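Student: Sequence:
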Amino acid sequence: MKGQSLLLNFLFLLSGFLCDDNDESGQHGTIYQFQAENIEEKIVSMEKYRDKVVIFTNVASYCGYTDSNYNAFKELDRLYREKGLRVAAFPCNQFGKQEPESNTNILDFVKSSYTYTPDMYSKIEVNGPKTHPLWKFLKKERGSSLAADIPWNFSKFLVDRNGHVVARMAPKQRMAVANKQFSKNVTQRGNVPKGNKTTESKLPTSQWLIGLFIFVVCGSAIFEVIRYIKA
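Residue numbers (mature numbering (1 follows the signal peptide of the UniProt record, and there is no 0)): -19 to -1, 1 to 212.
Read the hints as simulated data drawn from the structure, not as lab findings. If a hint is listed, it holds; no wrong ones were tucked in.
Lysine-lysine pairs mimicking BS3-like chemistry, simulated, CA-CA at most 25 angstroms apart: (1) LYS23 - LYS104; (2) LYS117 - LYS23; (3) LYS64 - LYS29; (4) LYS153 - LYS55.
Here are the in silico distance ranges between beta carbons for each label pair: (5) THR96 - GLU63: 15 to 23 angstroms; (6) GLN169 - PRO110: 37 to 45 angstroms; (7) GLY109 - GLU18: 16 to 24 angstroms; (8) GLU22 - SER94: 15 to 23 angstroms; (9) THR98 - TYR43: 12 to 20 angstroms.
Given the structure is predicted, the values throughout are model-derived calculations rather than measurements. Glycine included, every Cβ here is placed at the ideal spot set by N, Cα and C.
All chains, please: the whole structure from these sequences, using the hints.
Tutor: Take a look at the structure:
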């Protein structure tokens, strides 16, 4: 009887562990369910990017990568804006405190320094308990639970014309025109009719490995409990 009770308790805890996923950001698999406050403090729906290719990036004004990235975004905008490319820039002060200014000052800096302005949003956090819901979603779609955190300023996520996150790029990795994934998405039209939402999303390889590990460990534990009951 004691062994049966132990087995039931174990299975109950296991089911709770496997089902404990309350993050709503991954339910629909697209960015269109989210909103964000722009740098002028107006709420903007990500629906504005339907049928667009979007680079989401966390920016900072006093970073060693600032000039190279803003200039790269400016060039990409010149080449591909008419084909639907947009850059969504989210100021963030979490990395070396390199974005300490107000939203107004950040916008003035970008306008005066680069004569180009991406879609600028209000300052947010991209890691930790105050992570913006949109960025939670971006990280969940392209990053396992073990390696989802943003490492530094100017991390980038590429979203296709159907609202799916198709690539993630490290701060040092340039969003080059020659990038195969980028070129494919910016030059091709989406094949999902406007207004439709798809719910399919691929499970990252790392999550498959974690699931396999849990299966093996739990299977061994259950076997030991059954042996204990029979003893």
